[in-house]
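Working from the sequences, and respecting the hints, build out all of it.
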Amino acid sequence: MMKTVILAGGLGTRLAEETAIVPKPMVEIGGRPILWHILNIYAAHGFREFVVALGYKGEVVKDYFRSFRERNADLTVRLAHGEVTAHDASHPDWTVHLVDTGLATATGGRLRRLSGWLADDATFMMSYGDGVADIDVGRLLAFHRAHGRLATVTAVRPPARFGGLWLEGDRVTSFTEKPSATEGWINGGFFVLERGVLDLIAGDDTAWESLPVETLAARGELMAYRHDGIWPPIDTHREKR
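At position 158 of the sequence shown the residue is numbered 347 (the numbering used here), and the sequence of numbers has no breaks.
If you're looking for bench data, these hints aren't it; they were derived computationally from the structure.
Be aware that one or more of the hints could be misleading.
[As the list claims (entries may be wrong)] Quick list of the computed label-pair ranges, beta carbon to beta carbon:
id : residue 1 : residue 2 : range
1  : D417      : H270      : 52 to 58 Å
2  : D252      : A407      : 29 to 35 Å
3  : G327      : R430      : 44 to 50 Å
4  : T265      : A391      : 50 to 56 Å
5  : G327      : G358      : 29 to 35 Å
6  : V266      : N376      : 44 to 50 Å
7  : G409      : E259      : 34 to 40 Å
8  : E259      : G235      : 49 to 55 Å
9  : G385      : G291      : 58 to 64 Å
10 : V273      : E398      : 41 to 47 Å
11 : A331      : I419      : 34 to 40 Å
12 : A349      : S279      : 24 to 30 Å
Ideal placement from N, C-alpha and C gives every residue a C-beta, glycine not left out.
As C-alpha coordinates, this is what we get:
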(Lines of atoms letter the chains of each structure in order from A and count residues from 1; the text may use other names and numbers.)
(Lines give C-alpha, C1' and ligand atoms only; values in the text may rest on other atoms or scores of the structure.)
Protein backbone atom coordinates (compact mmCIF):
# COMPACT_ATOMS: atom_id res chain seq x y z
CA MET A 1 0.00 0.00 0.00
CA MET A 2 1.32 3.45 -0.90
CA LYS A 3 2.35 5.46 2.16
CA THR A 4 1.41 9.04 2.95
CA VAL A 5 3.83 11.18 4.95
CA ILE A 6 2.37 13.88 7.19
CA LEU A 7 4.74 16.55 8.52
CA ALA A 8 3.39 17.20 11.99
CA GLY A 9 6.36 18.41 14.04
CA GLY A 10 6.28 22.21 13.80
CA LEU A 11 5.50 24.72 16.52
CA GLY A 12 2.40 26.37 15.06
CA THR A 13 3.24 29.67 16.76
CA ARG A 14 0.40 31.68 15.18
CA LEU A 15 -2.10 29.62 17.18
CA ALA A 16 0.03 30.01 20.29
CA GLU A 17 -2.83 29.96 22.81
CA GLU A 18 -3.74 26.42 21.78
CA THR A 19 -0.37 25.10 20.60
CA ALA A 20 1.14 25.81 24.01
CA ILE A 21 -0.89 22.77 25.09
CA VAL A 22 -1.06 20.58 21.98
CA PRO A 23 0.83 20.54 18.65
CA LYS A 24 -0.99 22.32 15.84
CA PRO A 25 -2.13 19.11 14.06
CA MET A 26 -3.98 18.19 17.27
CA VAL A 27 -5.93 21.46 17.45
CA GLU A 28 -9.57 20.46 17.14
CA ILE A 29 -11.94 21.45 14.36
CA GLY A 30 -15.48 20.22 14.91
CA GLY A 31 -14.40 18.13 17.88
CA ARG A 32 -11.66 16.24 16.01
CA PRO A 33 -7.95 17.04 15.55
CA ILE A 34 -6.87 18.60 12.26
CA LEU A 35 -4.67 15.52 11.78
CA TRP A 36 -7.72 13.23 11.96
CA HIS A 37 -9.38 15.23 9.19
CA ILE A 38 -6.26 15.02 7.01
CA LEU A 39 -6.00 11.24 7.36
CA ASN A 40 -9.66 10.99 6.40
CA ILE A 41 -9.00 12.92 3.18
CA TYR A 42 -6.53 10.27 2.07
CA ALA A 43 -8.46 7.31 3.48
CA ALA A 44 -11.57 8.35 1.57
CA HIS A 45 -9.62 7.61 -1.62
CA GLY A 46 -8.19 4.32 -0.41
CA PHE A 47 -4.83 5.48 1.02
CA ARG A 48 -4.73 4.20 4.59
CA GLU A 49 -1.10 3.86 5.61
CA PHE A 50 0.51 6.93 7.13
CA VAL A 51 3.94 7.94 8.41
CA VAL A 52 3.57 10.92 10.73
CA ALA A 53 6.74 12.94 11.35
CA LEU A 54 6.58 14.12 14.95
CA GLY A 55 8.51 16.82 16.77
CA TYR A 56 6.98 19.42 19.08
CA LYS A 57 4.74 17.70 21.66
CA GLY A 58 4.85 14.47 19.68
CA GLU A 59 3.79 12.56 22.79
CA VAL A 60 0.33 14.16 22.48
CA VAL A 61 -0.10 12.63 19.02
CA LYS A 62 1.15 9.25 20.26
CA ASP A 63 -1.22 9.29 23.22
CA TYR A 64 -4.16 10.14 20.95
CA PHE A 65 -3.61 7.22 18.60
CA ARG A 66 -2.60 4.82 21.37
CA SER A 67 -5.97 5.37 23.02
CA PHE A 68 -7.92 5.94 19.79
CA ARG A 69 -10.10 2.85 20.15
CA GLU A 70 -11.11 3.67 23.71
CA ARG A 71 -11.66 7.34 22.87
CA ASN A 72 -14.10 6.40 20.14
CA ALA A 73 -16.05 3.56 21.75
CA ASP A 74 -18.42 3.02 24.63
CA LEU A 75 -16.59 1.70 27.68
CA THR A 76 -17.30 -0.52 30.62
CA VAL A 77 -14.93 0.09 33.53
CA ARG A 78 -14.75 -2.39 36.42
CA LEU A 79 -13.25 -0.22 39.08
CA ALA A 80 -12.33 -2.98 41.51
CA HIS A 81 -10.00 -4.60 39.00
CA GLY A 82 -9.12 -1.68 36.68
CA GLU A 83 -10.50 -3.68 33.77
CA VAL A 84 -11.69 -1.65 30.80
CA THR A 85 -13.79 -3.13 28.03
CA ALA A 86 -14.19 -1.16 24.80
CA HIS A 87 -17.44 -2.07 23.10
CA ASP A 88 -17.11 -2.41 19.37
CA ALA A 89 -17.67 0.71 17.36
CA SER A 90 -16.82 1.61 13.81
CA HIS A 91 -13.08 2.31 13.65
CA PRO A 92 -11.07 3.35 10.58
CA ASP A 93 -8.83 0.69 9.07
CA TRP A 94 -5.66 2.79 9.17
CA THR A 95 -2.03 1.98 9.85
CA VAL A 96 -0.36 4.98 11.47
CA HIS A 97 3.42 5.03 12.03
CA LEU A 98 4.35 7.72 14.56
CA VAL A 99 8.02 8.67 14.16
CA ASP A 100 10.02 11.15 16.23
CA THR A 101 11.96 13.31 13.76
CA GLY A 102 13.43 15.81 16.21
CA LEU A 103 12.26 18.93 17.96
CA ALA A 104 13.95 21.57 15.77
CA THR A 105 14.28 19.65 12.49
CA ALA A 106 13.19 21.53 9.35
CA THR A 107 10.53 20.16 7.01
CA GLY A 108 13.01 18.65 4.57
CA GLY A 109 15.05 17.20 7.39
CA ARG A 110 11.97 15.49 8.78
CA LEU A 111 11.29 13.92 5.40
CA ARG A 112 14.90 12.76 5.10
CA ARG A 113 14.73 11.15 8.55
CA LEU A 114 11.82 9.05 7.29
CA SER A 115 13.83 7.52 4.43
CA GLY A 116 14.03 4.17 6.23
CA TRP A 117 10.26 4.07 6.58
CA LEU A 118 9.97 4.67 2.83
CA ALA A 119 12.61 2.14 1.76
CA ASP A 120 10.10 -0.01 -0.12
CA ASP A 121 8.28 2.87 -1.74
CA ALA A 122 9.23 4.25 -5.15
CA THR A 123 6.32 6.72 -4.95
CA PHE A 124 4.73 8.24 -1.86
CA MET A 125 2.52 11.16 -0.93
CA MET A 126 3.29 13.95 1.51
CA SER A 127 1.44 16.83 3.08
CA TYR A 128 1.46 19.11 6.08
CA GLY A 129 -0.19 18.44 9.42
CA ASP A 130 -2.31 21.58 9.25
CA GLY A 131 -3.62 21.45 5.67
CA VAL A 132 -7.12 20.36 4.67
CA ALA A 133 -8.85 20.53 1.29
CA ASP A 134 -11.60 18.85 -0.69
CA ILE A 135 -8.95 17.39 -2.98
CA ASP A 136 -9.34 14.18 -4.96
CA VAL A 137 -5.99 12.58 -4.15
CA GLY A 138 -6.74 9.75 -6.57
CA ARG A 139 -6.79 12.24 -9.44
CA LEU A 140 -3.69 13.91 -8.01
CA LEU A 141 -1.83 10.59 -8.12
CA ALA A 142 -3.05 9.86 -11.65
CA PHE A 143 -1.78 13.29 -12.76
CA HIS A 144 1.61 12.57 -11.19
CA ARG A 145 1.94 9.20 -12.87
CA ALA A 146 0.96 10.63 -16.25
CA HIS A 147 3.72 13.24 -16.39
CA GLY A 148 6.55 11.00 -15.16
CA ARG A 149 8.51 13.67 -13.25
CA LEU A 150 9.95 13.34 -9.75
CA ALA A 151 7.48 15.57 -7.94
CA THR A 152 3.99 17.04 -8.03
CA VAL A 153 2.80 19.87 -5.82
CA THR A 154 -0.82 20.87 -5.43
CA ALA A 155 -1.23 24.49 -6.47
CA VAL A 156 -4.05 26.49 -4.87
CA ARG A 157 -5.31 30.04 -4.99
CA PRO A 158 -5.31 31.55 -1.50
CA PRO A 159 -8.59 33.05 -0.32
CA ALA A 160 -8.46 36.82 -0.09
CA ARG A 161 -8.73 38.24 3.42
CA PHE A 162 -10.51 41.44 2.40
CA GLY A 163 -13.30 42.54 0.09
CA GLY A 164 -12.28 43.47 -3.44
CA LEU A 165 -12.98 46.81 -5.13
CA TRP A 166 -12.74 47.55 -8.85
CA LEU A 167 -12.51 51.27 -9.59
CA GLU A 168 -12.84 53.65 -12.49
CA GLY A 169 -11.38 56.87 -11.16
CA ASP A 170 -13.14 57.37 -7.84
CA ARG A 171 -16.20 55.32 -8.83
CA VAL A 172 -16.60 51.76 -7.58
CA THR A 173 -17.63 49.61 -10.54
CA SER A 174 -17.67 46.28 -8.70
CA PHE A 175 -17.49 45.06 -5.13
CA THR A 176 -16.79 41.46 -4.09
CA GLU A 177 -16.84 40.38 -0.46
CA LYS A 178 -13.64 38.41 0.24
CA PRO A 179 -13.17 36.81 -3.17
CA SER A 180 -10.61 34.11 -3.90
CA ALA A 181 -7.40 35.51 -5.33
CA THR A 182 -7.75 35.88 -9.08
CA GLU A 183 -4.03 35.72 -9.80
CA GLY A 184 -1.17 33.64 -8.54
CA TRP A 185 -0.87 30.14 -7.18
CA ILE A 186 0.73 29.01 -3.94
CA ASN A 187 1.98 25.75 -2.44
CA GLY A 188 -1.08 23.94 -1.09
CA GLY A 189 0.77 20.87 0.16
CA PHE A 190 -0.56 17.48 -1.00
CA PHE A 191 2.61 16.40 -2.81
CA VAL A 192 3.25 13.19 -4.73
CA LEU A 193 6.95 12.33 -4.73
CA GLU A 194 9.37 9.79 -6.11
CA ARG A 195 12.00 8.45 -3.76
CA GLY A 196 14.76 10.26 -5.66
CA VAL A 197 13.72 13.58 -4.11
CA LEU A 198 15.27 12.45 -0.81
CA ASP A 199 18.72 12.81 -2.38
CA LEU A 200 18.14 16.58 -2.61
CA ILE A 201 17.81 17.01 1.16
CA ALA A 202 21.18 17.75 2.76
CA GLY A 203 20.29 17.36 6.43
CA ASP A 204 18.13 18.36 9.37
CA ASP A 205 18.37 22.08 8.66
CA THR A 206 17.03 21.83 5.10
CA ALA A 207 13.57 23.23 4.56
CA TRP A 208 11.71 21.20 1.95
CA GLU A 209 10.26 24.40 0.49
CA SER A 210 13.68 25.93 -0.24
CA LEU A 211 16.59 24.20 -2.00
CA PRO A 212 14.96 20.79 -2.69
CA VAL A 213 11.85 22.23 -4.31
CA GLU A 214 13.79 24.99 -6.05
CA THR A 215 16.19 22.39 -7.49
CA LEU A 216 13.32 20.24 -8.71
CA ALA A 217 11.76 23.25 -10.41
CA ALA A 218 15.06 24.28 -12.03
CA ARG A 219 15.53 20.76 -13.41
CA GLY A 220 11.99 20.59 -14.79
CA GLU A 221 11.10 17.82 -12.34
CA LEU A 222 8.30 19.62 -10.48
CA MET A 223 4.77 19.72 -11.87
CA ALA A 224 1.70 21.49 -10.47
CA TYR A 225 -1.70 19.92 -9.98
CA ARG A 226 -4.19 22.79 -9.93
CA HIS A 227 -6.84 22.56 -7.24
CA ASP A 228 -9.68 25.07 -7.58
CA GLY A 229 -11.78 23.70 -4.75
CA ILE A 230 -11.79 24.31 -1.03
CA TRP A 231 -8.43 24.98 0.62
CA PRO A 232 -8.84 26.86 3.91
CA PRO A 233 -5.70 28.09 5.67
CA ILE A 234 -5.73 27.47 9.43
CA ASP A 235 -3.09 29.90 10.65
CA THR A 236 -5.08 32.20 12.92
CA HIS A 237 -7.89 31.85 15.44
CA ARG A 238 -10.23 33.62 13.04
CA GLU A 239 -9.45 31.08 10.32
CA LYS A 240 -9.84 28.20 12.79
CA ARG A 241 -13.30 29.44 13.80
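Comparing the hints with the structure gives:
At about 57 Å, the beta-carbon gap between D417 and H270 stays in the expected band of 52 to 58 Å. At about 42 Å, the beta-carbon gap between D252 and A407 misses the expected band of 29 to 35 Å. For the pair G327 and R430, the supplied restraint of 44 to 50 Å is violated, since their beta-carbon distance comes to about 31 Å. Distance hint check for T265 and A391: the Cβ-Cβ separation is about 53 Å, which falls inside the suggested range of 50 to 56 Å.
A beta carbon spacing of about 49 Å between G327 and G358 contradicts the range 29 to 35 Å that was offered as a hint. For V266 and N376, the hinted distance range of 44 to 50 Å is satisfied, since their beta carbons lie about 46 Å from each other. Here the CB-CB span from G409 to E259 is close to 50 Å, at odds with the stated 34 to 40 Å. Look at E259 against G235: about 27 Å separates their beta carbons, and that is not inside 49 to 55 Å.
Here the CB-CB span from G385 to G291 is close to 23 Å, at odds with the stated 58 to 64 Å. One distance hint, 41 to 47 Å for the beta-carbon pair V273 and E398, holds here, with the actual separation near 44 Å. Between A331 and I419 the Cβ separation comes to about 20 Å, which falls outside the hinted range of 34 to 40 Å. Restraint check, A349 to S279: a C-beta distance of roughly 39 Å breaks the suggested window 24 to 30 Å.
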